[in-house]
Every structure is written in C-alpha cells, then in structure tokens.
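*Asks:* Here the structure of chain A is known, so what remains is to put chain B in place on it, guided by the hints.
If you're matching them up, the sequences are chains A and B in order. Number 24 in this note's numbering belongs to position 24 of the first sequence; there are no gaps in the numbering. Convert by adding 1000 to the 1-based position in the second sequence; the result is the number in this note's numbering.
Treat each hint with caution, since some may be false.
Unchecked claim - Partner residues aside, some chain B positions facing chain A, computed with beta carbon under 8 Å:
(1) TYR1059
(2) THR1065
(3) VAL1088
If you're looking for bench data, these hints aren't it; they were derived computationally from the structure. Note that the structure is predicted; figures quoted are calculated from it, not measured. Yeah, the Cβ is synthetic: ideal placement off N, Cα and C, and Gly gets one too.
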Amino acid sequence: MKNPSIKIADRLSNLLYIRRGLLLGVLLAPPLLWFSIVYLGSLLSLLANSFFRLDDFTGQIVREVGLGNFIEIFSPTNLDVALRSTTMSIAVTAACIAIGFPIAYYMARHARGYQKALLYVAIMLPLWSSYVVRLYAWKLLLAKEGAISWVMQSLHAQWLLDGLLALPVLGGSSLSFSPMGTFIVFVYMWLPFMILPIQAAIERIPGSYLEASSDLGARPSQSFWQVVWPLAMPGVAAGSIFTFSLTLGDYIIPQVIGNSTLYIGQVVFRQQGVAGNLPFAAAFSLVPIVIIAVYLYLAKRKGAFDAL
Amino acid sequence: MVHAVSNVDLQVEAGEFFTLLGPSGSGKTTCLRMIGGFTLPTSGRIEIAGEDVSLQPPYARPINTVFQDYALFPHMTVLDNVAYGLMVRGVDRKTREAKANFLLETMQLPDAAQRKPAQLSGGQRQRVALARALINEPKVLLLDEPLGALDLKLREQMQSELKSLQRRLGITFIFVTHDQHEALSMSDRIGVFNKGRIEQIATPDALYHRPSTRFVAEFVGAANVLEGKDAQRFGHTGTVMIRPEQITMLFGDTNPSDQTSQTGAAHQAMGTVKEVQFFGSFWRTSVQCHEAGAHFLVDVPLQPGKAAPELGSMARLFWNANSIHTISPAVAQHKP
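Just chain A, with the same shape it has in the complex (with noise of 0.2 Å):
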C-alpha cells in the first residue's frame, strides 16, 4: 500500500538533494528577478533619462542623448545646492558617529539583560512610528514659543540660544527656521540607522581581543583607537552610508525645518513634481550616488573594510 503522492514528493526532494544547483536557483530565482528589474532596471533607467532634455516650449520630453543636465547642475545655484546638502550630511554623519558609537559600544559591551533589551527598544521605538508626525512634533519643540526656548528662558541661558541663531550662516530666526534646527531634527532620525551596525560590529568582537590588547601594554585609549575602532570600522561604513544617503535624499526635513534654502532632494523633487523635468531631476539625482561611491572609495582606501 503505497501513497504515490509521498512517493511524488520523495522523489521531488531526492532530486532537489541530489541537483543542489536546482534548488539554489529555485530559490534564488524570484528574488534576483525582483532585484534585477525593480531595483537595477529603475537605477538604469535613470541613468538612461539623466541624458534626454526638456523641451522647454513643448513641455516635452526629447529623447536624445546629451550632456546638458550635467553641465546644468556645475551652475552657481545647482552646485550650491549640493555644497549645502553635502555638507549637511558630512556634518550629521559625523554627529551620529559622535553620539551613536558610544550608546553602540554600551549596549554590545556592557549591557545585559533587560538593559539590553530596553535600550533597543528605546532606539527602534521612534522607528515604529510615522516620520512625519515626529517632524511636526519636533518644530513644536524648535519653535519660537516652543519647549526648548521656553527651558532656556527659564534657565537665564536664552542669551546662549539668541547667540547660536545670530550664528551667520548657521542662524536663523528660532531654531526651528535654522539650518541648526534642521540639524538637530536630520541626526536625530538617522541615529538608529548609525547605532545598529556599530553595535552589530563591536559584538562581533571577543572580549580576548581587548584584554589581549591591554595584556600587551596597551592603555585603555590605545586599544580602543588599535583594536576596536577599526574593528568597528565596517560598521561605521555601513551606518555612515545610511546617514549619508537618507540626509542627502530627503526632501521633507528641511521643507518642514529650516530656513528656505534648498537641499538636493528638494531640487529633485521639484523638478520632477511641479516643473515636470524628469530629465534633470534624474541627473541631479546621480549627485549623491556619485557622492557616496567616492565616500566608499575613499572609506576603502583609508582600510575601512580590512576587518571584514
């Protein structure tokens, strides 16, 4: 008395045993597609667009190669535009490196147990809800009017923060129309996306290291800056792209916070949005992939990724 449709399905996994090629690429198939065209085809098709032009009389889209949008976006306003964004993301980066590494190195060295857990928690929370509720929720607190002026005054510090806003470049009317504002609001988003790969990297790295480090002479600073530094390393890449790539992307922060000066997301968003120019805004788009691959070379140079 045999069932044939176990003798079927016997049959079916002696042959996936056997071909393990055959099962890999069952397996394999459907995400490399979705990866090969979804996210490889759009990067492509971007690239192709970034070399068409607008006409500018039909509103129209010329489907002819040129290097227009390119030589566009070296024009004063354009190539301030991507100064400023740049430099933004270089400084929240380098902010959330600052704050993150040590909550990272805490939580992978330190803490244990329910501390572990709730520190993870405190850092994934704002993760579970909406962006743009907690953007609104902070110009409440950079405003004029808002919880931050008013613990000032009450402090006697407002002199402190009249002093940071009459800052040249950095300054504004209140903190929530400053670029310091914008600031504040840009590393506070990104920081779990720069906390977790730290944290990541500095577990995967044996205590027998550090101790192996002092053991040999090493005082406390010189193992962190010969060991776990660039141990943590890769992980630092990985949260910096993160930080990087989300501050040169996003177009909604500094709409909401800020003063009205524009960042590379913004250009994209209009151009594409409002003036229909989907050309350009695909050129100018490649501004921060370009950014990045030299950031990553740079980072690859420098023995970033030795550790891996």
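*Replies:* Chain B in isolation, oriented as in the chain A frame:
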C-alpha cells in the same frame, strides 16, 4: 557571594614551569586571569618578584598571556601583531619590526610576516601568539590552555617545543590545562585545582606516586582507590591507592601459592575480566573482584606471543606492599 576560587596560596619560583591542572570550572582559569589582571581578586595579594600587583591593570604588569583562542588581531599582519607590544610602548618602527622578525624566525615562521592571521593554520597561529606574548620579555608568561585547539600530533610537538623554549628563555611559565598528560610531561611543578581550591602542589613524579587526596589520585592518571572495608579486605588500612600498572594479572588454574612466590606479591585478589581497552603498549583491563564489590583497573603490558585478556575470564591480581600509597591513614572525609 560565590567565590570562583578561595584560599589559593601559590608560590611559583622564577624560571619555573608551573601548571595549574584541574577539571573545567575548578578555578584554574580564574586564578590565571587574576595573575594577568583581567579579574581583580576580592581579597588577597598577588606579588611578582616581591612587588604587589594585585590592583594593577594588565598593561602595567610585567606579564604576558597566550590566550586560549590566541586573540590575534585579525586586521593586522602577523608582523604587526607580534610588534604590537612594542608599538604601544612607543618603540620606533625599525626597531620593533627587527625584533618581531627575529622572534618570528625563532618560531620558525619567517615567511608569515606579511600574512593575516586568518591565512595561517592553527599551529602557526599558536606560534604567532607565542611570539607576540614574548616580545615584551615578560617576567612571567601565562598560557591558558594554548594547545587545546590543536590536533594530537601537533599538540605533542608543541608540548616539547614549549618546554625547550621555556628552558632556553628562562622565563617563568604558568600554564593552565585540564589535560593531565600535558601537565605531567611539561611541568616542573603542578598545582591541582578542584572546586576553587588547590588540592595539592607537587612535582609530576610526586603527584603521580604520592597524591595527597583521593581527587588528585583519580584525576592524575588512572587509580584504584580502596577505602574503609574494601581496603581492610585486602589487608590495608585507611584510604589507599594502587596504580593500574602496579598490579600483576595472571590467568589460568596454576596453584595460587606458586604464583605468589613467583611474583613475590604480598596481596592478591580474584576477579572476572569485564572490559578490555587496547592502549597500544598495554591493555587496560577492568576486573570485577569476587571478594569485594570493588573494581580494579589493571594495565596488562603487551608481551610477544601473549593474547589479549579475554572478556569473562577469571583473573588473579597480585600487588606488592610497596606499590601501595596510603592517601590518608583513616577513611577520607568527603568534603561537602
């Protein structure tokens, strides 16, 4: 409060190869970590050459360690790993690399300098770890089960290399292992750990022939320990020990008295062979005694033309009075 170790009183002589031997969880590694400075003692003192280092951090102690997992820095080359101890002390590149290269040559690893630790075999990594720990010329070298990850052949080779290296350098080695063969073959003296205490400190020879507790007798080598009534049945008092190779085993139906005179043995027992294990140069035989409930382990040497002891066969065991070691004259009190 649970103490991992307590009341450990150890004095290691300069230039000595001292081994901390014990089962896992017996406190030997904790003891080593306290000497290295990775764990601070809650009470007591640690002195090196008369200087109290109990509360010094590891980097201030004239001690270096070979870690169980070697702990080689994966992002540095072998040369940088070995030179690390000099680098953090601010020695210039030329001097430290010259010394590191010299040590690598001593360790027979001259071609490995520019490789990363991941590209080395287990044995090579072990040598790099050793070279790295020696570059600061420590007064004491701590070795935490450094041979545990190696296969048997390599382990035996490294044992003799370590021993000759220690003799050549004259550095004090404190070696942690749970392997009694390793301890016996390498050490000048051994401290046997059990449940966070030291049971005995002695030379390998004394430890093997004159263990001071039942635990030591059974942990170091194989032992037949007789206690109380069992001991009395064979004419001994207190707790006594006989090593398996000290017992002669004869088979067949020859006259017992003939055999007694033949072997000159003062004590004997009758039993049945229950188990035989082949060890190369001898058979380790487990004999169930008829007179008492006791089991005896007997090592039967291989002799030409002599077959292996047969399971279930009757055996007669003989031993001399001078092969008996009295662990304690009265019945040993089991520690709670």
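*Asks:* So which hints don't hold here, by number, going up?
*Replies:* none
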